[in-house]
Structures are given as C-alpha cells and as structure tokens.
Amino acid sequence: MERTQVLADKDLVIVLAMVKTGLGHLRVTHALYHGLPQGAEALMLGSQDQGIEMWYRLATAHPVTRAITEFIQRGWPQDIFTYVYREWLRRHTQVLYGQIVTILDQRVEQPKTLLMVATHVGLAHQMAAIKQQLAQDRKIRVVLAVVVTDDSPQYTWAVGGADMIFVPSSRTKTGLERYHHSQNLEPSKYIVAPYPVSPGLIRKVSEAGQQSRLT
Numbered sequence: 014m015e016r017t018q019v020l021a022d023k024d025l026v027i028v029l030a031m032v033k034t035g036l037g038h039l040r041v042t043h044a045l046y047h048g049l050p051q052g053a054e055a056l057m058l059g060s061q062d063q064g065i066e067m068w069y070r071l072a073t074a075h076p077v078t079r080a081i082t083e084f085i086q087r088g089w090p091q092d093i094f095t096y097v098y099r100e101w102l103r104r105h106t107q108v109l110y111g112q113i114v115t116i117l118d119q120r121v122e123q124p125k126t127l128l129m130v131a132t133h134v135g136l137a138h139q140m141a142a143i144k145q146q147l148a149q150d151r152k153i154r155v156v157l158a159v160v161v162t163d164d165s166p167q168y169t170w171a172v173g174g175a176d177m178i179f180v181p182s183s184r185t186k187t188g189l190e191r192y193h194h195s196q197n198l199e200p201s202k203y204i205v206a207p208y209p210v211s212p213g214l215i216r217k218v219s220e221a222g223q224q225s226r227l228t
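Residue numbers 14 to 228, in the numbering used here, belong to the letters of the sequence shown in order.
Derived from the structure by calculation, the hints contain no laboratory data. As the structure is a prediction and not an experimental result, all values here were calculated from the model. Backbone N, C-alpha and C fix where the C-beta goes; we use that ideal spot for every residue, glycine too. Worth double-checking, as some hints may not be accurate.
With a Cα cut of at most 27 Å, we get these calculated DSSO-like pairs of lysine-lysine [stated by the list, open to error]:
(1) K152 - K186
(2) K202 - K217
(3) K202 - K144
(4) K23 - K125
(5) K152 - K125
(6) K186 - K23
(7) K186 - K217
(8) K186 - K125
(9) K186 - K144
(10) K23 - K144
Okay, the calculated beta carbon distance ranges per label pair [what the hints assert, rightly or not]:
(11) N197 - Q51: 26 to 34 Å
(12) T115 - W89: 38 to 46 Å
(13) E100 - A148: 38 to 46 Å
(14) G173 - K23: 37 to 45 Å
(15) K125 - D163: 44 to 52 Å
(16) V121 - E100: 37 to 45 Å
(17) R40 - W89: 29 to 37 Å
(18) G52 - T187: 32 to 40 Å
(19) S219 - V114: 44 to 52 Å
(20) Q223 - K152: 49 to 57 Å
(21) E122 - P200: 39 to 47 Å
(22) Q145 - L227: 31 to 39 Å
Whole structure, please, built from the sequences with the hints as guidance.
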C-alpha cells in the first residue's frame, strides 16, 4: 500500500480546520483538500468561534491596529502577546469541541483515528488543548497536524502538543523550535515542507487559455 493511501482508510476521519479570514491559510487549506489521494475524504470545518475572528478583525481592520500588530511581532511585545493569546485560546475551546463531537456523531461507524489539520494558528492551539480529552471521551486516536502559513518564526505558531508542525523553511523551523523549548511547551515535531500547491496549477494550459492570458 502506498503511504498516501493510508489517508483513504475508512477508519480514518480527516478534518481540515479553517477560519474564513485571511487568504494565506485559505489557499493552503484549498490546496490540501484538492491534493488528497483518490478515495480519501476530508471534512472542512469552519470555526464558529467568534472570538478568533474578533482577534483577526482587530489586527487588520484599521491602520492603527495594523501598526500595533506589527509592533507585537518582534522582541518583548511578541513574548507577552504570544503568552496571552495562547492562554486565551486554550481556555476557549467549548465551541470547537462541540463541532468535532458533532462530526463524529454523524458517522454510522465510529472511526479509529481522527486526523485534525489546522492551517490557522488560533484553531491549532484550541485543537491541541482538546486533543487528549477527545481521545479519552471518544476512545479514538487523535492526531494533530499544523501547517504554518507564515514563512517567519512568529511565536504564536509554536503549538505545544501538536504531533506535527509543518513549516516552509529551515529558518522558521529553527526559530520556532528555539522558542518552543524556551517556553517548556509540550513536545511537537517540526517538519520542513514547501507550501502546498493546488494540483490545478500543474495542468497544462490550452492554447486558448494561453491567448486569453496574453490579451
């Protein structure tokens, strides 16, 4: 059996978690979904937690808040913000837990493994916080994969307890690992991998398509 065919196992449920804000993680989620091997199925989970979207809107809606966001992305402000944001996320997981339980309850046969893939940093921390509880309550194996959509070591992407954290470069991996260990977070494995690209981008363009792009 090819390694990718493991994703088509009927005892496996794949959940791709996203927030409908920001193009970066939406593009990555789209590429992951359409890049699954034949026979594999994934459920798209859009966060219903208004708090996560509130954080994003505050950070991007106004020039002043955008400037503040840039300020807290380096040095001691980043250390403080990352701690506060991480703790807030891990204490606000009820909505996400209910969404995932609903997904499992809708299946006729309960899976043996739940693979949760997070392309948004907020959902990544929330999933890490509920991972063990889900495993105990539903008697299933829970695996959390985080796909980092920023090619810079933004400390918020250091998700303690994630099984795998995919980063786009060695520089980002080194920076996040250093911060991860300095904070004594639960162990996670960092893996360098290119950004996922939609399979549609490798298809040859027809002559008509080429002409339309030239005009």
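Earlier hints that do not hold, by number: Of the numbered hints given earlier, those the structure breaks are 1, 2, 6, 7, 8, 11, 13, 14, 15, 21 and 22, listed in rising order.
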